[in-house]
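*Asks:* What follows is the residue order along each chain.
Number of protein chains: 2
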Amino acid sequence: MTSKNYHLVIVGYGGMGSYHAKHLLKGNQNIEVIGTYDKHEDRRTASMADGYKTYESLSAVLSDDAVDFVLIATPNDVHKEIAIAALNAGKHVICEKPVTIYSADLVEIMETAKINDRAFIVHQNRRWDEDFLTMKKIYDEQIIGDVFHIETRVQGANGIPGDWRHLKEYGGGMLLDWGVHLLDQLLFMIDSKITSVFANFSYILGEDVDDGFQVFITFENGITSLVEVGTTNFIQLPRWYTKGTKGTAVIHDWEINGKIVTQNSGEVEAPKPIKAGQGLTKTMAPPSEKAVSTSDLPKVVKTMESFYENVVSVVEGSAEPIVKNEEVLRVLRLMETIFKSAETNQVIQDFDLVPAKN
Amino acid sequence: MTSKNYHLVIVGYGGMGSYHAKHLLKGNQNIEVIGTYDKHEDRRTASMADGYKTYESLSAVLSDDAVDFVLIATPNDVHKEIAIAALNAGKHVICEKPVTIYSADLVEIMETAKINDRAFIVHQNRRWDEDFLTMKKIYDEQIIGDVFHIETRVQGANGIPGDWRHLKEYGGGMLLDWGVHLLDQLLFMIDSKITSVFANFSYILGEDVDDGFQVFITFENGITSLVEVGTTNFIQLPRWYTKGTKGTAVIHDWEINGKIVTQNSGEVEAPKPIKAGQGLTKTMAPPSEKAVSTSDLPKVVKTMESFYENVVSVVEGSAEPIVKNEEVLRVLRLMETIFKSAETNQVIQDFDLVPAKN
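Chain order of the listed sequences is A and B. Per our numbering: the first sequence = residues 1 to 358. Per our numbering: the second sequence = residues 1 to 358.
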């Protein structure tokens, strides 16, 4: 049927499922999409129109010996049952995010993968986003000194998109949809335990699920972070705003517009007070001209394998997964802690400083 | 000595004291500055150079029957003793902010003012700031619908200014210095009880006092607010960022640069997904062209008496104070709650919903 090494079937041929087929796997040297399965008629039709064989049932996919990989791109609530069935059928599994709604379910999947000696890899695609990699480079290379505060935001004005993402039982809401990305990036960047979490959820749209949130996280190494998702924001604050001991970095958008402002070394003239409203301020005056330098954001060159290159390396035993299940599990546990903080309106201080129950 | 109705002496002729003389009271029709008192020699010299009589002691000021008003512009820790002595000597008192470090001290001053039937008015000058009045107009007139989230920030890169503001015992730190303004404005604008407070202080400069903070406040009417002061920010986020049910308003700076973006009524085309990093997003895509309108910030026309006009009206019995002591007291109590939240790393939920102990 194909000369490529691995055959993949997409389960759930909606927006993300078809994005894998048309973009992420397009031109891949090793993996061939050989079919799809979706329980919705319109998506089967779309799959056929796109030239893919459509399976009649999930069990038809799992009993097909030609299938090496199952990609799960369904609503969140059925990820677990499909993943476990696929792993038990001897398939490798790629799963869209958030992998499960509850961390205990991921633990069960991880155990099933281990028993069957199959790969289970979550598609945390935004670890490869250039805005994130740019900020990670600034952080890693101490371009603004030691980073001590990171604000990471995505803000839209369109509300929650119109499908299962509205519904709690399907794993809807913005924490699970976008929060999982921002938190995964943050924890991938900062190698330190979390000491406390405070969260406030927004329900301004009157939905069953959160339409956004602000989360304040403190790390054991002293870094603080404000993580925010909004769907009621008609003006956008910067995607990243990061403070270091020697300067500040801002990335405005996905086109990586932004800048770095750093303090010059040596003695500098004190700032002159400015008129600010009905008073004078020296504290909030701009630094004197020679006190700071503005520079461009650093260019990121490719630093790691692409997601699917890595998937192939993992199943061939030549690399560790870039997205490790233990990392994904920690993010899920953090999201559970964020839900708990928001529901109780309390700071939660026992995350990461006590061993996970699982 | 003068034909004006009221004579005022400035106690503490530093930055703020001389600012009152040179700016706020310059050209005032009713109040004449007739002298100053400062315990520092260099400031007496400055006062003489500026043409003001310098008193030898505080008691010399208080025993001078020609003095109607004492303006207190000393470090925060001695506001109370000077205020009480001046009120007991039959003087009206104007006091710089923060009026006292502890709310109980303000209560004592208020009682002393009442017993002596003298005016005691705190100079919360930033209620007259144009940026604040612009945002208050947007809020009051529901220009972006019902406001449900307000972010109010001042961010500098100069650290804490080099005097008593570094020292805890003098009432230093950014919460007391700038926080008092932002909180006073916020509570003056929002007529609702506070239901919870979460605060995180920054000590990145290694000072004895906070060099900045982020405070998250929730109000009984559903409004949430993020209040922030920073002195380690080489790039500034907007002064105000406010979300309403029909739009968002931003004010970037004290020059009132900014804009309003509101949702158009009627059916609008759904937004088109955009490529964002390694994925597509409809949620975070810009609204379709006809879905929103951008407009200028509204002009604020003078809506209330100036601070010193109001002071004269108050002592003549023709107006209520614009800055009411009960309001100032509530802000002090809120700052005490913020200190408590930051010190314990806890959400404080009993502020405003139980009667004040005083």
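If you're looking for bench data, these hints aren't it; they were derived computationally from the structure. For clarity, every value in this text was computed on a predicted model and none was experimentally measured. Careful: at least some of the hints might be erroneous.
Copies of the same chain are indistinguishable here, so a pair counts whether it falls within one copy or spans any two.
Below, computed lysine-lysine pairings styled on DSSO-like, alpha-carbon distance capped at 30 angstroms [claimed, not checked]:
hint: 1; residue 1: Lys168; residue 2: Lys282
hint: 2; residue 1: Lys39; residue 2: Lys272
hint: 3; residue 1: Lys282; residue 2: Lys22
hint: 4; residue 1: Lys340; residue 2: Lys193
hint: 5; residue 1: Lys22; residue 2: Lys53
hint: 6; residue 1: Lys246; residue 2: Lys290
hint: 7; residue 1: Lys4; residue 2: Lys53
hint: 8; residue 1: Lys324; residue 2: Lys168
hint: 9; residue 1: Lys299; residue 2: Lys193
hint: 10; residue 1: Lys137; residue 2: Lys275
hint: 11; residue 1: Lys272; residue 2: Lys259
hint: 12; residue 1: Lys137; residue 2: Lys26
hint: 13; residue 1: Lys4; residue 2: Lys324
hint: 14; residue 1: Lys302; residue 2: Lys340
hint: 15; residue 1: Lys259; residue 2: Lys168
*Asks:* A separate judgement is required for each hint: does it hold in the structure or not?
*Replies:* Results for each hint:
{"no.": "1", "hint": "Lys168 x Lys282", "verdict": "between (50 angstroms within a copy, 20 angstroms between copies)"}
{"no.": "2", "hint": "Lys39 x Lys272", "verdict": "between (67 angstroms within a copy, 26 angstroms between copies)"}
{"no.": "3", "hint": "Lys282 x Lys22", "verdict": "between (56 angstroms within a copy, 17 angstroms between copies)"}
{"no.": "4", "hint": "Lys340 x Lys193", "verdict": "both (18 angstroms within a copy, 24 angstroms between copies)"}
{"no.": "5", "hint": "Lys22 x Lys53", "verdict": "within (15 angstroms within a copy, 82 angstroms between copies)"}
{"no.": "6", "hint": "Lys246 x Lys290", "verdict": "within (15 angstroms within a copy, 43 angstroms between copies)"}
{"no.": "7", "hint": "Lys4 x Lys53", "verdict": "within (17 angstroms within a copy, 94 angstroms between copies)"}
{"no.": "8", "hint": "Lys324 x Lys168", "verdict": "within (27 angstroms within a copy, 47 angstroms between copies)"}
{"no.": "9", "hint": "Lys299 x Lys193", "verdict": "within (29 angstroms within a copy, 48 angstroms between copies)"}
{"no.": "10", "hint": "Lys137 x Lys275", "verdict": "between (37 angstroms within a copy, 22 angstroms between copies)"}
{"no.": "11", "hint": "Lys272 x Lys259", "verdict": "both (24 angstroms within a copy, 28 angstroms between copies)"}
{"no.": "12", "hint": "Lys137 x Lys26", "verdict": "within (28 angstroms within a copy, 53 angstroms between copies)"}
{"no.": "13", "hint": "Lys4 x Lys324", "verdict": "within (26 angstroms within a copy, 78 angstroms between copies)"}
{"no.": "14", "hint": "Lys302 x Lys340", "verdict": "neither (38 angstroms within a copy, 47 angstroms between copies)"}
{"no.": "15", "hint": "Lys259 x Lys168", "verdict": "neither (39 angstroms within a copy, 35 angstroms between copies)"}
The structure fails to meet hints 14 and 15 from the earlier list, while all remaining hints are met.
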